[in-house]
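Chemist: In order, the protein sequences belong to chains A and B. For the first sequence, the UniProt record's numbering assigns the number 1 to the initial residue and increments by one for each residue that follows. For the second sequence, the UniProt record's numbering assigns the number 1 to the initial residue and increments by one for each residue that follows.
Among these hints, one or two may not hold up.
To be verified - Straight-line alpha carbon distances no greater than 27 Å define the calculated BS3-like cross-link-like pairs of lysine-lysine that follow:
id: 1; chain 1: B; residue 1: Lys112; chain 2: B; residue 2: Lys124
id: 2; chain 1: B; residue 1: Lys103; chain 2: B; residue 2: Lys119
id: 3; chain 1: A; residue 1: Lys277; chain 2: B; residue 2: Lys159
id: 4; chain 1: B; residue 1: Lys109; chain 2: B; residue 2: Lys188
id: 5; chain 1: A; residue 1: Lys280; chain 2: B; residue 2: Lys9
id: 6; chain 1: A; residue 1: Lys280; chain 2: B; residue 2: Lys103
id: 7; chain 1: B; residue 1: Lys112; chain 2: B; residue 2: Lys61
id: 8; chain 1: A; residue 1: Lys99; chain 2: A; residue 2: Lys111
id: 9; chain 1: A; residue 1: Lys99; chain 2: B; residue 2: Lys103
id: 10; chain 1: B; residue 1: Lys20; chain 2: B; residue 2: Lys238
No lab work stands behind these hints, which were simulated from the structure alone.
Residue-level listing of the chains:
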Amino acid sequence: MYSWRKLREKLFTGLVIALSLLAIAPVLHLIATVFVNGLTVIAEAGLGFFTGLPPTPLSRELGGIAPSIAGTLIMTALSLPSTVLLGLFAAILTTEFPKNPLSVAIDAVAKSLASIPTIAVSMIVYTLVVIPMRGFSALAGAIALTIIALPYAYTYFSTALRSVPSIYREAAFAVAMSRWSTVTRVFIPIARRSAVVGVLMTMARVMGETAALLFTAGRFRASVALSPTAPADSIPLLIFDYILSPYTIWHRVAWGATALLLIAYMAVFIATKLVVKEVKL
Amino acid sequence: MSNVSVYIKSRQILSRVTLKIPYNTVFVIMGPSGSGKTTLLRVINRLIDLVEGARIEGSVKVLGFDALNSDPYELRKHIGTVFQVPNPFPHLTIYENVAIAAKINGVAKSRKELNDVVKWALEKAMLWDEVRNRLHDHPHQLSGGQRQRLCLARALAMKPRLLLLDEPTANIDPVNARKLEEAIVSLKDEITVVMVTHSPHQAARVADYVAVLYDGSVVEHGPAQQLFLRPSTEVAQKLLRGEM
């Protein structure tokens with residue numbers, strides 16, 4: 001009787017492990033494929049992959065993706081702070097004053113924004129920013145990225161703030177903290193892990209977006225442009241363009257760029273996991 | 001407080017409660033579950049404001065403040081509160097948990113003053129000896145009873161004139177409960193204490209005055225000795241016999 005129970009438990013545990021492995025196998029395969037194909041390219045190109053210009057279609061040299069790296073960094077730097085700040089303030093407002101008409105409106109707008117196709121956002125920004133500025137730019141790309149990432153940032157932050165048990169709100173109010181102090185000195189620090197994950201997920205959304213940049217950034221790969229008002233490129237745009245092309249050398253560069261993007265994400269996520277500790281309740 | 005009624009949406013929680021709490025005493029509020037004890041405390045410190053749909057009638061004078069018409073943050077600077085469930089701030093250390101209350105309320109101006117207030121509050125809460133060498137630990141490293149005494153220390157660090165305790169020993173072991181009771185009794189020379197409890201034995205040990213609340217109304221109140229020896233209402237008699 002006893003051994004049958006133990007055997008059943010072991011069988012069930014084995015089944016759960018096997019099913020879990022089956023579920024993550026495609027993801028692991030995907031990551032392994034990107035690493036094998038991408039790291040080979042990066043190793044072959046060397047430092048030039050990060051500093052050089054993309055190859056011409058018939059080139060024998062791999063070249064690099066410096067304009068795309070610079071463009072991604074510039075647009076992320078322009079978009080992320082405003083996205084995070086706006087998302088955080090909106091989340092604070094809607095969690096602290098859920099019945100306020102402004103909160104209700106913000107919540108509705110955020111939900112609507114999340115469902116707008118990113119290509120449509122790209123066209124809207126093209127009409128409202130690119131045409132008046134008479135050209136593509138990193139700034140236009142960053143505006144499109146902000147519009148797209150904002151509802152995600154808002155959702156992550158409001159979920160993080162709502163996850164803090166209400167007993168801490170009472171405790172904060174009981175020591176005469178104001179509502180603002182309660183949020184900044186108690187709620188955000190308690191939910192810091194979730195809040196930082198929110199920032200990272202927003203960053204991932206910003207760095208990984210393609211369609212929003214199609215009519216805004218400009219796909220400029222001829223040199224490294226550092227001005228926000230100059231046309232720019234991004235790594236996802238380069239991957240999109242190169243992987244659809246008929247040239248083998250561009251396919252290889254796209255694999256290298258994909259691996260680089262994946263490594264950047266993983267590095268940031270792992271570093272955050274190590275640095276930002278969960279608050280034990 | 002005079003003729004205080006509290007409604008949450010359409011439900012009446014307190015009905016025409018009139019009470020006078022003498023300074024520097026331990027005033028115990030007893031009553032069965034759902035009688036409105038916690039709501040009564042929340043009216044005093046205006047935490048009732050956090051309850052959606054709450055409406056208060058009547059007048060409440062607290063330490064010279066017209067509590068219902070004053071700035072709640074200003075009012076709370078003079079009132080310490082300890083809740084039923086220990087709720088020290090989990091992201092702060094033991095030291096910081098106590099210091100934050102002193103800092104916010106301007107009790108300590110310098111680092112030395114802050115250290116002194118933290119030590120004083122932890123001593124008053126009878127926790128200093130247990131944590132003096134681990135002030136930089138976090139609350140999750142303490143026992144439930146120690147966490148509750150940390151909450152008492154946090155409340156005391158505000159140097160309040162009134163201390164509200166909402167069944168502070170309900171979730172802790174008898175040894176810690178005893179320490180907390182001793183701390184409460186020792187405080188009454190400096191602070192007025194209003195405590196909610198279920199336990200008649202605990203009330204008998206600490207109370208100077210007792211009010212019995214039933215179904216949102218005060219059915220009996222007076223000096224503890226008198227109420228414990230000669231309870232005049234059936235509710236109070238049942239409550240003291242532990243039948244309610």
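Chemist: Hints first: check each against the structure and report whether it holds.
Modeler: Taking the hints in turn, this is what the structure says about them:
With a C-alpha separation of about 18 Å, the suggested pair Lys112/B and Lys124/B falls inside the 27 Å cut-off, and the hint holds. For the proposed pair Lys103/B and Lys119/B, the alpha carbon gap of about 14 Å is at most 27 Å, so the pair holds. Simply put, Lys277/A and Lys159/B have alpha-carbon atoms about 33 Å apart, too far for the 27 Å limit, and the pair is violated. In summary, the hint linking Lys109/B to Lys188/B is supported, as the alpha carbons are separated by about 26 Å, within the 27 Å threshold.
For the proposed pair Lys280/A and Lys9/B, the alpha carbon gap of about 35 Å is over 27 Å, so the pair is violated. Among the hinted pairs, Lys280/A with Lys103/B is consistent with the structure: their alpha-carbon atoms are about 24 Å apart, no more than 27 Å. A hinted pair counts as satisfied when its Cα atoms are at most 27 Å apart, and Lys112/B with Lys61/B does not qualify at roughly 35 Å. Of the supplied pair hints, the one linking Lys99/A and Lys111/A holds, its CA atoms being roughly 17 Å apart against a limit of 27 Å.
Taken as a hint, the Lys99/A and Lys103/B pair is broken in the structure, with Cα atoms around 32 Å apart against an allowance of 27 Å. Proposed proximity of Lys20/B and Lys238/B is supported: the alpha carbons are some 24 Å apart, at most 27 Å.
Checked against the numbered hints above, the structure violates hints 3, 5, 7 and 9; every other hint is satisfied.
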